[in-house]
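Given the sequences, and given the hints that come with them, work out the whole structure.
If you want the building blocks of each chain, they are given just below.
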Amino acid sequence: MPGVSNRVAGVVLAELPQLVYRVDVGKGREVLAHAVGMAERNFVRLLPGDKVEIELAAQDQTRGRILKKL
Amino acid sequence: MIIRKTAAELEKMRRSGILVYQILKNLGDMVQEGVSTYDLEVAAERMIADAGARPAFKGYFVPAAGERYKYVLCTSVNSEIVHGIPSPKRVLKKGDIVSIDTGVQLDGYYGDSAVTVGVGELSGETKRLLKVTEESLELAIQQVRAGNRLFDICGTVERHVVSNGYSVVREYVGHGIGTQLHEEPQIPNYVDRKNENPRLKEGMVLAIEPMVNAGKAEAKVLGDKWTAVAKDGSNSAHFEHCVAVTSNGPWVLTRP
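Chains as they are written, first to last, in our numbering: chain A, 1 to 70; chain B, 1001 to 1256.
Derived by calculation from the structure, the hints in this document are not laboratory data. Check each hint, because a few of them may be wrong.
Claimed, not checked - DSSO-like, lysine-lysine: derived pairs with alpha carbons at most 30 Å apart:
| hint | chain 1 | residue 1 | chain 2 | residue 2 |
| --- | --- | --- | --- | --- |
| 1 | A | Lys27 | B | Lys1225 |
| 2 | B | Lys1231 | B | Lys1131 |
| 3 | A | Lys27 | B | Lys1220 |
| 4 | A | Lys69 | B | Lys1216 |
| 5 | A | Lys68 | B | Lys1194 |
| 6 | A | Lys69 | B | Lys1225 |
| 7 | B | Lys1089 | B | Lys1131 |
| 8 | A | Lys51 | B | Lys1231 |
| 9 | A | Lys27 | B | Lys1089 |
| 10 | B | Lys1005 | B | Lys1058 |
| 11 | B | Lys1089 | B | Lys1231 |
| 12 | B | Lys1231 | A | Lys27 |
| 13 | A | Lys27 | B | Lys1194 |
| 14 | A | Lys51 | B | Lys1216 |
| 15 | A | Lys68 | B | Lys1220 |
| 16 | B | Lys1058 | B | Lys1093 |
| 17 | A | Lys51 | B | Lys1220 |
| 18 | A | Lys68 | B | Lys1231 |
| 19 | B | Lys1070 | A | Lys27 |
| 20 | B | Lys1093 | B | Lys1216 |
| 21 | B | Lys1201 | B | Lys1005 |
| 22 | B | Lys1220 | A | Lys69 |
| 23 | B | Lys1216 | B | Lys1094 |
| 24 | B | Lys1216 | A | Lys68 |
| 25 | A | Lys27 | B | Lys1216 |
| 26 | B | Lys1220 | B | Lys1194 |
| 27 | B | Lys1058 | A | Lys27 |
| 28 | A | Lys69 | A | Lys27 |
| 29 | B | Lys1093 | B | Lys1231 |
| 30 | B | Lys1194 | A | Lys51 |
| 31 | B | Lys1127 | B | Lys1093 |
| 32 | A | Lys69 | B | Lys1194 |
| 33 | B | Lys1225 | A | Lys51 |
| 34 | B | Lys1225 | A | Lys68 |
| 35 | B | Lys1231 | A | Lys69 |
| 36 | B | Lys1194 | B | Lys1005 |
| 37 | B | Lys1225 | B | Lys1094 |
All values reported here derive from a predicted model rather than from experimental measurement.
The following block contains the structure:
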């Protein structure tokens, strides 16, 4: 049985303080995600409705990291 | 952290691997026109119980689906990529391809393997899809050596598939295997430099599974929360083997 990839696409729902975003990854699953890498360094502005690629935490599927804006 | 297995542990995994191989071989012989995917499920459940093993998939919790899987087999027909649910209503027709994926737990260690078989005579294009997918798995197995990196495996699959005009599924990945069905690392069938690229060491066991779509790569999950299908409705093939890294190169646990 193949595993489901931790890399998923999502839609930003809300911007929270300190580069944390609430992201919808489909089917009503919400994830708290932190911006990392280029999205963090360049202060990429993410607004509700933007599509992003996130990496889910291996142990906690309600946490993730925003890798880039799609 | 990728868990490395001792020689004794590999022997146990070998036993579960051989059991999976025998089950898949018998199921492959059963596949013909008029057989439903649920018939395969019943036969597989009986074979696993006879061998004194525990089905690995039944009761396995997948967070993305949000529930436990209820069957011992995944049977994915034609455009279904993976996680197809066996059903008495799904009767195989001539020219179909069906991917049969199963796993067992024996002595605490898991074995996991999959094959895609055709029903009756296949069209030339479908035959080529199965051939390319199987070849890509064989090429990837050759890369399972101590000292190589994970991307050698991922890249081999991607290169072979893409150069033949097909596409690899990105939403589903191979995995490490051992005392858990899914262990680290995740093994995608494509190379993305943002992913981790660990070096392979002796004792690691990897379940490599290329999933290849004849058309575009996009997948979507149906309303049953499990079945993943190709968005454009093209055929999809899937092969899988568990491979251990040993000092003599790759050791495929799920075939004699």
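Going through the hints against the structure:
| no. | hint | in the structure |
| --- | --- | --- |
| 1 | Lys27/A / Lys1225/B | 9 Å, holds |
| 2 | Lys1231/B / Lys1131/B | 22 Å, holds |
| 3 | Lys27/A / Lys1220/B | 12 Å, holds |
| 4 | Lys69/A / Lys1216/B | 22 Å, holds |
| 5 | Lys68/A / Lys1194/B | 11 Å, holds |
| 6 | Lys69/A / Lys1225/B | 27 Å, holds |
| 7 | Lys1089/B / Lys1131/B | 29 Å, holds |
| 8 | Lys51/A / Lys1231/B | 19 Å, holds |
| 9 | Lys27/A / Lys1089/B | 26 Å, holds |
| 10 | Lys1005/B / Lys1058/B | 25 Å, holds |
| 11 | Lys1089/B / Lys1231/B | 22 Å, holds |
| 12 | Lys1231/B / Lys27/A | 17 Å, holds |
| 13 | Lys27/A / Lys1194/B | 26 Å, holds |
| 14 | Lys51/A / Lys1216/B | 21 Å, holds |
| 15 | Lys68/A / Lys1220/B | 22 Å, holds |
| 16 | Lys1058/B / Lys1093/B | 27 Å, holds |
| 17 | Lys51/A / Lys1220/B | 17 Å, holds |
| 18 | Lys68/A / Lys1231/B | 24 Å, holds |
| 19 | Lys1070/B / Lys27/A | 20 Å, holds |
| 20 | Lys1093/B / Lys1216/B | 24 Å, holds |
| 21 | Lys1201/B / Lys1005/B | 10 Å, holds |
| 22 | Lys1220/B / Lys69/A | 21 Å, holds |
| 23 | Lys1216/B / Lys1094/B | 24 Å, holds |
| 24 | Lys1216/B / Lys68/A | 23 Å, holds |
| 25 | Lys27/A / Lys1216/B | 23 Å, holds |
| 26 | Lys1220/B / Lys1194/B | 23 Å, holds |
| 27 | Lys1058/B / Lys27/A | 23 Å, holds |
| 28 | Lys69/A / Lys27/A | 20 Å, holds |
| 29 | Lys1093/B / Lys1231/B | 22 Å, holds |
| 30 | Lys1194/B / Lys51/A | 18 Å, holds |
| 31 | Lys1127/B / Lys1093/B | 16 Å, holds |
| 32 | Lys69/A / Lys1194/B | 14 Å, holds |
| 33 | Lys1225/B / Lys51/A | 22 Å, holds |
| 34 | Lys1225/B / Lys68/A | 27 Å, holds |
| 35 | Lys1231/B / Lys69/A | 23 Å, holds |
| 36 | Lys1194/B / Lys1005/B | 27 Å, holds |
| 37 | Lys1225/B / Lys1094/B | 28 Å, holds |
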